[in-house]
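Asks: Residue numbers (full-length UniProt numbering): 1 to 846.
In short, the hints are calculated from the structure, not lab data. Be careful, since some hints might not be right.
What the hints assert, rightly or not - Straight-line distance between alpha carbons at most 25 Å, and here's what the computed DMTMM-like set of lysine to aspartate or glutamate pairs gives:
#1 K765 / E841
#2 K91 / E187
#3 K116 / E95
#4 K536 / E841
#5 K536 / E120
#6 K792 / D704
#7 K58 / E250
#8 K71 / E129
#9 K775 / E721
#10 K596 / E299
#11 K85 / E129
#12 K7 / E120
Stated by the list, open to error - Quick list of the computed label-pair ranges, beta carbon to beta carbon:
#13 A563 / P261: 49 to 59 Å
#14 D429 / K202: 46 to 56 Å
#15 G88 / P261: 36 to 46 Å
#16 T734 / K491: 26 to 36 Å
#17 G545 / R184: 44 to 54 Å
Cβ atoms here follow ideal geometry from the backbone N, Cα and C, with glycine treated the same way.
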Amino acid sequence: MSLQVIKPTTWQYAESPVYEPHAVVPDLKGAEWTDCTQFPTEIHLELRAAGRIPDWNKGRAEHDVQWVAEKTWAFRSVISINVAKLNGLDKAELEFESLDTFATVFLVEVPVTSLKASNELLIVFRPPEPIANALGAQHGPFRGGSCNLGNRARMGIRKSQYHFRWDWGPELLCMGPDRPVYLRLYESRIQQVTTRARVDPKLQRSLVVDVELQGQAKKGKVTLTDAGGKVIKQAEIAESVSWDLGEDVELWWPVGHGAQPLYTVKVELFGQDGSVVDTLTRRVGFRRTILVEDPVEGEEGTSFCFEINNKRIFCGGINWIPIDNLLPTGTPERYRKWLELMVRGNQNMVRIWGGGVYEPDVFYDLCDELGLLVWQDFMFACGVYPVFPEFMASVKAEAEYNVARLGHHPSLAIFCGNNEDYQMVLQWDIKQSGDPLPARKIYEHLLPEVVERLTDPQVPYWRGSPYGGKGWDTADPTVGDVHQWEVWGGKEKPYQDYDIMGGRFVSEFGLPSLPSLKTINFWLDGDDTQAHPQSKLMQQHNKAGSHERRLAICMNENFRITADLESYAYLTRLMQSEGVGQAYVDWRRGFKGPGKELCSGALVWQLNDCWPVSSWAIIDYFFRPKAAYYSIKRAMAPVSLGLRRTVTKNRETDRPRSFYEYGAFQSRQVSLDIWAATSIASTTTRVVVSAVDLCSSWTATVYDQQVTLGANRSTELWSGECPAPPLEQAHDKTAPSGTVVVHVVLIDQDGQVIARQSNWPEPYKFLDLPDPALKVQVKGDQVHVSAQRPVKCVWLDVQGDDDADIVWSDNALDVMPGDTQVVKVDGLNGRKVTVAYLGKERASLV
Numbered sequence: 001m002s003l004q005v006i007k008p009t010t011w012q013y014a015e016s017p018v019y020e021p022h023a024v025v026p027d028l029k030g031a032e033w034t035d036c037t038q039f040p041t042e043i044h045l046e047l048r049a050a051g052r053i054p055d056w057n058k059g060r061a062e063h064d065v066q067w068v069a070e071k072t073w074a075f076r077s078v079i080s081i082n083v084a085k086l087n088g089l090d091k092a093e094l095e096f097e098s099l100d101t102f103a104t105v106f107l108v109e110v111p112v113t114s115l116k117a118s119n120e121l122l123i124v125f126r127p128p129e130p131i132a133n134a135l136g137a138q139h140g141p142f143r144g145g146s147c148n149l150g151n152r153a154r155m156g157i158r159k160s161q162y163h164f165r166w167d168w169g170p171e172l173l174c175m176g177p178d179r180p181v182y183l184r185l186y187e188s189r190i191q192q193v194t195t196r197a198r199v200d201p202k203l204q205r206s207l208v209v210d211v212e213l214q215g216q217a218k219k220g221k222v223t224l225t226d227a228g229g230k231v232i233k234q235a236e237i238a239e240s241v242s243w244d245l246g247e248d249v250e251l252w253w254p255v256g257h258g259a260q261p262l263y264t265v266k267v268e269l270f271g272q273d274g275s276v277v278d279t280l281t282r283r284v285g286f287r288r289t290i291l292v293e294d295p296v297e298g299e300e301g302t303s304f305c306f307e308i309n310n311k312r313i314f315c316g317g318i319n320w321i322p323i324d325n326l327l328p329t330g331t332p333e334r335y336r337k338w339l340e341l342m343v344r345g346n347q348n349m350v351r352i353w354g355g356g357v358y359e360p361d362v363f364y365d366l367c368d369e370l371g372l373l374v375w376q377d378f379m380f381a382c383g384v385y386p387v388f389p390e391f392m393a394s395v396k397a398e399a400e401y402n403v404a405r406l407g408h409h410p411s412l413a414i415f416c417g418n419n420e421d422y423q424m425v426l427q428w429d430i431k432q433s434g435d436p437l438p439a440r441k442i443y444e445h446l447l448p449e450v451v452e453r454l455t456d457p458q459v460p461y462w463r464g465s466p467y468g469g470k471g472w473d474t475a476d477p478t479v480g481d482v483h484q485w486e487v488w489g490g491k492e493k494p495y496q497d498y499d500i501m502g503g504r505f506v507s508e509f510g511l512p513s514l515p516s517l518k519t520i521n522f523w524l525d526g527d528d529t530q531a532h533p534q535s536k537l538m539q540q541h542n543k544a545g546s547h548e549r550r551l552a553i554c555m556n557e558n559f560r561i562t563a564d565l566e567s568y569a570y571l572t573r574l575m576q577s578e579g580v581g582q583a584y585v586d587w588r589r590g591f592k593g594p595g596k597e598l599c600s601g602a603l604v605w606q607l608n609d610c611w612p613v614s615s616w617a618i619i620d621y622f623f624r625p626k627a628a629y630y631s632i633k634r635a636m637a638p639v640s641l642g643l644r645r646t647v648t649k650n651r652e653t654d655r656p657r658s659f660y661e662y663g664a665f666q667s668r669q670v671s672l673d674i675w676a677a678t679s680i681a682s683t684t685t686r687v688v689v690s691a692v693d694l695c696s697s698w699t700a701t702v703y704d705q706q707v708t709l710g711a712n713r714s715t716e717l718w719s720g721e722c723p724a725p726p727l728e729q730a731h732d733k734t735a736p737s738g739t740v741v742v743h744v745v746l747i748d749q750d751g752q753v754i755a756r757q758s759n760w761p762e763p764y765k766f767l768d769l770p771d772p773a774l775k776v777q778v779k780g781d782q783v784h785v786s787a788q789r790p791v792k793c794v795w796l797d798v799q800g801d802d803d804a805d806i807v808w809s810d811n812a813l814d815v816m817p818g819d820t821q822v823v824k825v826d827g828l829n830g831r832k833v834t835v836a837y838l839g840k841e842r843a844s845l846v
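Kindly generate the complete structure, drawing on both the sequences and the hints.
Replies: Here you go:
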């Protein structure tokens, strides 16, 4: 008899009396049961759908829903079974993919021999915070993060840490059956299939399939097929099946470096009559992943570089936070949309941050398909975690389950022990008897042992992020990975100095911004009195500590500030784009070829939001990309350009080196560096460097030559004095180049522009921008943008809020005279286009 899988689909919820575990079934006779609107589900979702609580995404309603997590809640369903067809199915397993978090399960008539046609399944969820507080009182006090990272007792329980509040998300302590529930009935079944897709140093491929069975059936077959269903290998089922594949299967590559061929391992178990009683499939890809830590030529320290199939990769990507505060809203379609945005943005690595969740299988399946490398944190973030026995046992079970679940994915590049826990100890300068970080037992012993034991081929393991490898120095730029927060936090340095604040691998950095005005208007919810940058509702939807003061520093140093909300929001997004975009091109410059990997990766904080908010995200909650998304896309293109202007003063100052000075210190000398970076084979191209003065008619072609770009590395193109008009034409004779925009294009042998980049004099607040005579023409699914004078950050949008299906091939454009740019638009469908740019930040119809 074939295995039966039964999914209870009709669920109800009700508030329950206070319940203590291991007690009898709570008395729910007087409970008011309500049908669930979806499953999997969570209590806040259901109460909102029933109109019992407001939408916490709007206004200040977050405060009005806090009572929900203080209550005990019950969910129930009926498992219906056709008892007459149980023939020989004498075993049952009730499987919960996730219960958030403190749940007691009751199933009436559990023994299979006593199963009825209808069996009630009841799950009671207790409020998590009192339990966390009790554990903190018993085993703490725990130390973790700042007040904007929520209750520090969070560290004593294995619940998503961001639910307690983070500096980009609300406090929503979710409760409920948030992933699928199954009842499996069987006599024999396939208990586990472990695949080991190996690639040796000579890139020869092999596959081992380990099969664990349960029950009397022992016969069956194992089949390997390609994406088209072609059988590559087949064998009778055994505890272990091994195949030498040589080059019969293709290698899996990260996006931008090759294809992502995937193969299916299908295991079938036969009953005594030869019929199939159970089937289990695993999808595999063949790749060799090495974390390289070699000496760097001419430099101190070692590299931190991912090598895939003997090719070293510059990892440009993002940090990922959970898709939503309420995880049941994370549909496969939403996951695909987020990850496809990454691929369209030329990003190749996603770091799953340690304060969220281990993502569902669909996330990793999509990364396999799309070619996105996965940096997987274990779920520890920003604190000193305990190590009492029950906690350690829970962590071990958690690690073993997830490493076994995820280890076969070709996209998985690294397991990492925690987020910023080592850094927290150093930051706080904790001095106490014993170990200031007891959880080293987890990061340095428990987790690496699990990863070594349960992954084959071996997945690299790293103790924490950031971690330097030399003792606990988490900020050493010459070894390991770093989190670069000296711009937004720390010493609050200017973002123009990102180039000298890098490291061997920058796994976190970022700048915040306000989202689209459309998104802001969603949370303002019609309250026009709050439609200004310093309002209560704007504060409610920005959780970062001291955000207004820190943002003011960045904004006032660089731009002419306005109180108009739309213009202010535009300028914050321009600031974010300028900062993180320049960081990418500067750090990619350090990827200079084998043995010269000064920097091998940059992962911006962060891709996404879990609710409508002002944050570091480069795409907001409603899938609306910000300007930074496009500056990163250009910086991480297969061929990209970088420019850096260096202003030397008559005295050293603490001002950004790219800033012109008009106060006590005069700008004495200005130089310019230009380089290219590639992820492709060596190529020959024409480089054209031109200059335009904003305050006169002066223009110049500075450089026009054929050059050869090195393969998969950066190439220096030109260095020299920054071009400037003659003194008699200069607007400011003390700094003639202070009004000059430099523009560089790379042109292929067919005459097509394959990369462009401009460099503007900074700070922008000193520039008197001329009318650019901007021309925007909509031609079907294309938008043509041209200008007679240089124009900064041309932002294209569509009128109205119905923009979810719009995909712009490029945006936030710097447009120069004579260089018309054509933007392809999917989903435009005749909708009206709006435009804004620096100097005219409020959008207007084209």
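Asks: If a hint holds in the structure, say so; if it does not, say that too.
Replies: Structure-based check of each hint:
no.	hint	result
1	K765 / E841	holds, 14 Å
2	K91 / E187	holds, 6 Å
3	K116 / E95	holds, 19 Å
4	K536 / E841	holds, 24 Å
5	K536 / E120	violated, 47 Å
6	K792 / D704	holds, 24 Å
7	K58 / E250	violated, 49 Å
8	K71 / E129	holds, 11 Å
9	K775 / E721	violated, 32 Å
10	K596 / E299	holds, 9 Å
11	K85 / E129	violated, 45 Å
12	K7 / E120	holds, 13 Å
13	A563 / P261: 49 to 59 Å	holds, 55 Å
14	D429 / K202: 46 to 56 Å	holds, 49 Å
15	G88 / P261: 36 to 46 Å	holds, 40 Å
16	T734 / K491: 26 to 36 Å	holds, 30 Å
17	G545 / R184: 44 to 54 Å	holds, 47 Å
When the structure is compared with the earlier hints, violations turn up for hints 5, 7, 9, 11 and for no others.
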